[in-house]
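**Student:** So you can see what is in the structure, the chains are spelled out below.
2 protein chains.
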Amino acid sequence: MTTQQTSSLLAGLAVMVLLARVLGALARRFGQPSVIGEVIAGIALGPTLFHGVVSDALFPSATRPLLSALAAVGVAVFMFIVGLEWDAALIRGSGAIAPCVSICSILLPFGLGTLLGLHLASAHSHGNRTPFILFMGIAMSITAFPVLARILTDRRMSRTPLGVLALACAAIDDVLAWSLLAAVVAISGSAGPDQWRILLAVPFLLAMLFLVRPLLRRAVERRETPRLTPSLIAFLLAGLLLSGATTEWLGLHYIFGAFLFGVVLPRSGAEQLRTDVHERLGQLSGTLLLPVFFLVAGLQVDLSGVDAAGIGDLGLIMLVAVGGKFLGAFAAARANRMPPRQSAALATLMNTRGLTELIVLNVGLQLGFLDKELYALMVVMAVVTTAMAGPLLTWVLGRNTGDGGKYSSIHRLPATRTSSSGVVSAGQ
Amino acid sequence: MTTQQTSSLLAGLAVMVLLARVLGALARRFGQPSVIGEVIAGIALGPTLFHGVVSDALFPSATRPLLSALAAVGVAVFMFIVGLEWDAALIRGSGAIAPCVSICSILLPFGLGTLLGLHLASAHSHGNRTPFILFMGIAMSITAFPVLARILTDRRMSRTPLGVLALACAAIDDVLAWSLLAAVVAISGSAGPDQWRILLAVPFLLAMLFLVRPLLRRAVERRETPRLTPSLIAFLLAGLLLSGATTEWLGLHYIFGAFLFGVVLPRSGAEQLRTDVHERLGQLSGTLLLPVFFLVAGLQVDLSGVDAAGIGDLGLIMLVAVGGKFLGAFAAARANRMPPRQSAALATLMNTRGLTELIVLNVGLQLGFLDKELYALMVVMAVVTTAMAGPLLTWVLGRNTGDGGKYSSIHRLPATRTSSSGVVSAGQ
Numbered sequence: 001m002t003t004q005q006t007s008s009l010l011a012g013l014a015v016m017v018l019l020a021r022v023l024g025a026l027a028r029r030f031g032q033p034s035v036i037g038e039v040i041a042g043i044a045l046g047p048t049l050f051h052g053v054v055s056d057a058l059f060p061s062a063t064r065p066l067l068s069a070l071a072a073v074g075v076a077v078f079m080f081i082v083g084l085e086w087d088a089a090l091i092r093g094s095g096a097i098a099p100c101v102s103i104c105s106i107l108l109p110f111g112l113g114t115l116l117g118l119h120l121a122s123a124h125s126h127g128n129r130t131p132f133i134l135f136m137g138i139a140m141s142i143t144a145f146p147v148l149a150r151i152l153t154d155r156r157m158s159r160t161p162l163g164v165l166a167l168a169c170a171a172i173d174d175v176l177a178w179s180l181l182a183a184v185v186a187i188s189g190s191a192g193p194d195q196w197r198i199l200l201a202v203p204f205l206l207a208m209l210f211l212v213r214p215l216l217r218r219a220v221e222r223r224e225t226p227r228l229t230p231s232l233i234a235f236l237l238a239g240l241l242l243s244g245a246t247t248e249w250l251g252l253h254y255i256f257g258a259f260l261f262g263v264v265l266p267r268s269g270a271e272q273l274r275t276d277v278h279e280r281l282g283q284l285s286g287t288l289l290l291p292v293f294f295l296v297a298g299l300q301v302d303l304s305g306v307d308a309a310g311i312g313d314l315g316l317i318m319l320v321a322v323g324g325k326f327l328g329a330f331a332a333a334r335a336n337r338m339p340p341r342q343s344a345a346l347a348t349l350m351n352t353r354g355l356t357e358l359i360v361l362n363v364g365l366q367l368g369f370l371d372k373e374l375y376a377l378m379v380v381m382a383v384v385t386t387a388m389a390g391p392l393l394t395w396v397l398g399r400n401t402g403d404g405g406k407y408s409s410i411h412r413l414p415a416t417r418t419s420s421s422g423v424v425s426a427g428q
Numbered sequence: 001m002t003t004q005q006t007s008s009l010l011a012g013l014a015v016m017v018l019l020a021r022v023l024g025a026l027a028r029r030f031g032q033p034s035v036i037g038e039v040i041a042g043i044a045l046g047p048t049l050f051h052g053v054v055s056d057a058l059f060p061s062a063t064r065p066l067l068s069a070l071a072a073v074g075v076a077v078f079m080f081i082v083g084l085e086w087d088a089a090l091i092r093g094s095g096a097i098a099p100c101v102s103i104c105s106i107l108l109p110f111g112l113g114t115l116l117g118l119h120l121a122s123a124h125s126h127g128n129r130t131p132f133i134l135f136m137g138i139a140m141s142i143t144a145f146p147v148l149a150r151i152l153t154d155r156r157m158s159r160t161p162l163g164v165l166a167l168a169c170a171a172i173d174d175v176l177a178w179s180l181l182a183a184v185v186a187i188s189g190s191a192g193p194d195q196w197r198i199l200l201a202v203p204f205l206l207a208m209l210f211l212v213r214p215l216l217r218r219a220v221e222r223r224e225t226p227r228l229t230p231s232l233i234a235f236l237l238a239g240l241l242l243s244g245a246t247t248e249w250l251g252l253h254y255i256f257g258a259f260l261f262g263v264v265l266p267r268s269g270a271e272q273l274r275t276d277v278h279e280r281l282g283q284l285s286g287t288l289l290l291p292v293f294f295l296v297a298g299l300q301v302d303l304s305g306v307d308a309a310g311i312g313d314l315g316l317i318m319l320v321a322v323g324g325k326f327l328g329a330f331a332a333a334r335a336n337r338m339p340p341r342q343s344a345a346l347a348t349l350m351n352t353r354g355l356t357e358l359i360v361l362n363v364g365l366q367l368g369f370l371d372k373e374l375y376a377l378m379v380v381m382a383v384v385t386t387a388m389a390g391p392l393l394t395w396v397l398g399r400n401t402g403d404g405g406k407y408s409s410i411h412r413l414p415a416t417r418t419s420s421s422g423v424v425s426a427g428q
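Here the protein sequences come in this chain order: Z and E. Numbering (the numbering used here) for the first sequence: 1 to 428. Numbering (the numbering used here) for the second sequence: 1 to 428.
No lab work stands behind these hints: they were computed from the structure. The reader is advised that the hints may include incorrect statements.
As the list claims (entries may be wrong) - Sample of chain Z residues facing chain E (criterion: CB under 7 Å; computed from the structure): (1) 1; (2) 6; (3) 11; (4) 18; (5) 21; (6) 66; (7) 69; (8) 231; (9) 233; (10) 238; (11) 242; (12) 249; (13) 254; (14) 284; (15) 287; (16) 288.
Note that beta-carbon positions come from the ideal geometry of N, C-alpha and C, so glycine has one too.
Build out the structure end to end from the sequences listed, making use of the hints.
**Tutor:** Right, here's the structure in full:
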């Protein structure tokens, strides 16, 4: 790195870290998840404003690959933590309703999304159309588990029946959406001549689940109270990076491996450990590395050139994303005899896109599924759907009604704004 | 980044994180500071072994700039923490002896180092000779404050009179050495046409000391008990990065700015905060980012081609480094009427080079003062002088003698190997 590059890299990082924090706090002030502010911070430093002059000065093209490297590490750590939070126990306890709601809340937006993809393909697909269309379907079907968890915690709903159900639905949604995305990445053949490697994905997955998981469980059981020593941090970091490198090498994306490594870590007997990882690893990653991801994501968003056609497309995207997700979840909940209001609340929660969507969109941009124009519109959709969850939920649930029954305890509390620490604050 | 680059970046990071931890722990097992193992891990992954095949496979040239970016952030955080640990109170309490020992322990190796520089210039200086010669002097004069502090803590000597004196000497040494290095970097004119900016270094320094420091102190005083919230982490990160970016822009190196920002942070009333920073920020940085620096440093070390002439040069380097440092400190201590054995112990401690030297050497390599051959030899010197401190100290102090007097309490304890957490374990 030259002196010029080093100094602009460090200054750019400083500006982004600070702006993400300030706008994140501002978002919290308005009862929004901080991720909204952090994503907007990335977009604000991008080419949309001031004809990109600030953007080019702070982030000259020479330093952008360096930012990508920092962002990749941040996203890997984040996906690992999402995997670590993922809990099969959530799903087991929820009965048939969670899988049903979850699958419907994916199927409908996925179907509508592929239709929209067909419509947009002529203008925005520049390569093979099939992966583009499938990707549009997936991008519409995302629910952000971390943001959803944060919204529930903020409203003290995470232990109510509705909250637990929503978490279970989001957990299933997560795995389904990641699997679908992995499948599309795999068939898109972006790996070129090395595409045969994808065949190794199955043995890799099996090895992680039936070899690595039991080994890790036994390792945890042997320790008295597993604590987060520097050695353990190093081990976890190495594990998530290596698992990510493997899936990337297989022709999938590194996010899958990082997520998977989080999933296979033992749950029982390691609660303290998980909290520590969340606090320690999550904190620095959430303050330094993840904002770099928001920056990298935002630097690609150029809204200055959005014309009437673009706004039309955005309208369609919003309609499909919100309509598909909401109706899918609502119908499934109603079919399972949930009261209308609770069904609406659940559907509203499932419509949260958050950081998960942003990661999916960046995978799409990186692999060439999306062009920059469509990417920018989809980012707007992700921000808007995330921002609308809170106010809509307040509106749906009301503030003081209570119609009794199994899901009545959801009314306990409308928006409170406790600010807790950890990746959470930077992770949705 | 391409798929290939991403996967090798993540895999390479994983291997380095793990190897650094393992060799670091191994070093501790042998009563050595973990930094020894971590530096050797970096060298082991470099071109020295296996004709560089492993090195090229794990770290292809395309990912090396990305590693440098991660390393730069790690070094900046590390320098900030060194600055934060730096304590003027240490020096104030130590009387005239500390400045005297410190200055002599710099002057002699500096003088001998410039002579050696004169001798080596024809073979190893490829540009302007003056900065090369001065740099050789500085590189010989380094004492690593963090390693020294760790050795003292390990031997329960950090509160003995000798320990306190050694820390004070190292603290003065730090500031003197950084100032000398900054001066050499400044006069070397590596900034090219922008060299006028260096004139702004003085107002910047004054602003940091007499404007930023009081402001920060007042900010701390207003808070009840300052705790390390994510916002504060973001502020500290932004501050150290921005301060580093400024000195880099001025034509100095970013390490100075990061160090300075640590120095100007308030001491009184913020003890808990400093501990937290050390633990939290230091831990992830020490486990992930700093090992990347050791890797970047090690990837430049090629010992496979060292011939007889090289071994001769290494002998001279060792003689100047160890002889100069030891005799300078010993003579000054004796002149201040310290007993011989204690003087020898102090001189032994001052001979510790550690991570500080490695940072200085990398600055030298980056700015073209050192060629790769000389750089590799100097790294060996840094490792050997750091490794010899512990055993030499045990030998000098003995295990059971006690000749009374002011410094007798140094005999309390020879090597114990408590392993504490935080950057410390990766920071020397």
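**Student:** Are the hints correct? Go through all of them and say.
**Tutor:** Hint-by-hint comparison with the structure:
1. Contact between residue 1 of chain Z and chain E, as hinted, is supported at the beta carbon level, the nearest pair being about 5 Å apart and thus within 7 Å.
2. Checking residue 6 of chain Z against chain E: minimum C-beta separation of about 5 Å stays under 7 Å; hint holds.
3. The criterion of a C-beta within 7 Å of any C-beta in chain E is met by residue 11 of chain Z, whose closest approach is roughly 4 Å, and the hint holds.
4. Hint on residue 18 of chain Z holds. Least Cβ distance to chain E is approximately 4 Å, under the 7 Å limit.
5. Checking residue 21 of chain Z against chain E by beta carbon gives a least distance of about 4 Å; that is within 7 Å, so the hint holds.
6. A hinted interface residue such as residue 66 of chain Z counts as satisfied when its beta carbon comes closer than 7 Å to some beta carbon of chain E; here the least separation is about 4 Å, so the hint holds.
7. Given the 7 Å rule on beta carbons, the hint for residue 69 of chain Z holds: about 4 Å separates it from the nearest Cβ of chain E.
8. This hint holds: residue 231 of chain Z has a C-beta 6 Å from the nearest C-beta of chain E, less than the 7 Å allowed.
9. Against a cut-off of 7 Å between C-beta atoms, the interface hint on residue 233 of chain Z holds, since the closest Cβ of chain E lies about 5 Å away.
10. Interface hint at residue 238 of chain Z: satisfied, since its Cβ lies 4 Å from the closest Cβ of chain E, which is below the 7 Å cut-off.
11. Checking residue 242 of chain Z against chain E by beta carbon gives a least distance of about 4 Å; that is within 7 Å, so the hint holds.
12. A least Cβ separation of about 4 Å between residue 249 of chain Z and chain E falls short of the 7 Å threshold, and the interface hint therefore holds.
13. Of the supplied interface hints, the one on residue 254 of chain Z holds, with its beta-carbon coming within about 6 Å of a beta-carbon of chain E, less than 7 Å.
14. For residue 284 of chain Z, the shortest C-beta to C-beta distance to chain E is roughly 4 Å, which falls under 7 Å, so the interface hint holds.
15. The beta carbon of residue 287 of chain Z comes within 5 Å of a beta carbon in chain E, closer than 7 Å, and the hint placing it at the interface holds.
16. A least Cβ separation of about 6 Å between residue 288 of chain Z and chain E falls short of the 7 Å threshold, and the interface hint therefore holds.
The structure agrees with every numbered hint stated previously.
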